[in-house]
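Asks: Sequence:
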Amino acid sequence: MYCRNCANEVGEQAVVCVKCGTPPLNGKNYCQSCGEATNPNASVCIKCGVALNAGGKSKLIAGLLGIFLGGLGIHRFYLGYTALGIIQIVVTTITLGAGSLWGFIEGILILTGTINKDAQGNPLDN
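Just so we're aligned: 96 in my numbering is position 111 of the sequence shown, and the numbers increase by one with no gaps anywhere.
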């Protein structure tokens, strides 16, 4: 079986493609319902009529949230990492604000592309 997103060969039991990180039957070029090839900019599959994934979270928004509100873990909540967001709030509170540096650094890492996926493994949009 091949990944429909990057054409990498994946095992029959594979949950995600090791090359691109998407589920083998998903990807921006294929319908998540019927598996038919689609236009990456399409909003509806022309074969089955299902609404296609509207895109992921914004890298710019996540990065700026990390830089300006990182101590509150807002960027982690935005990306779906609820537990990490709560941990960042606790660390910032315990360190009397010094823990905000953690979120600031993560904001920069998001903007530079080092952190490039949300909690579901979807790539961040530019």
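Derived from the structure by calculation, the hints contain no laboratory data.
In this text, all values refer to a predicted model and were calculated from it rather than measured experimentally.
Any given hint could turn out to be false.
Unchecked claim - Straight-line distance between alpha carbons at most 20 Å, and here's what the computed DMTMM-like set of lysine to aspartate or glutamate pairs gives:
(1) Lys4 / Asp103
(2) Lys42 / Glu(-6)
(3) Lys44 / Asp103
(4) Lys32 / Glu21
(5) Lys102 / Glu21
(6) Lys44 / Glu(-6)
(7) Lys4 / Glu(-6)
(8) Lys32 / Asp103
Asks: Between the alpha carbons of Lys44 and Glu(-6), is the straight-line distance 20 Å or under?
Replies: 29 Å, violated
Asks: Checking one constraint from the list: CA of Lys32 to CA of Glu21, max 20 Å. Satisfied?
Replies: Distance of about 7 Å is within 20 Å: holds.
Asks: Would the pair Lys102 and Glu21 pass a check requiring their Cα atoms to be no farther apart than 20 Å?
Replies: With Cα atoms ~24 Å apart, Lys102 and Glu21 exceed 20 Å; violated.
Asks: CA of Lys32 to CA of Asp103, is that 20 Å or under?
Replies: 29 Å, violated
Asks: Given the proposed pairing of Lys4 with Asp103, does the C-alpha separation stay at or below 20 Å?
Replies: Holds - the C-alpha atoms of Asp103 and Lys4 are around 17 Å apart, at most 20 Å.
Asks: Given the hinted pair Lys4 and Glu(-6), is their Cα-Cα distance within 20 Å?
Replies: Within the cut-off at roughly 9 Å; holds.
Asks: Has the given pair, Lys44 with Asp103, been kept, meaning a C-alpha gap of at most 20 Å?
Replies: Distance of about 10 Å is within 20 Å: holds.
Asks: Keeping to a limit of 20 Å between CA atoms, is the pair of Lys42 and Glu(-6) held or broken?
Replies: 27 Å, violated
Comparing the model with each earlier hint shows violations of hints 2, 5, 6 and 8; every other hint is respected.
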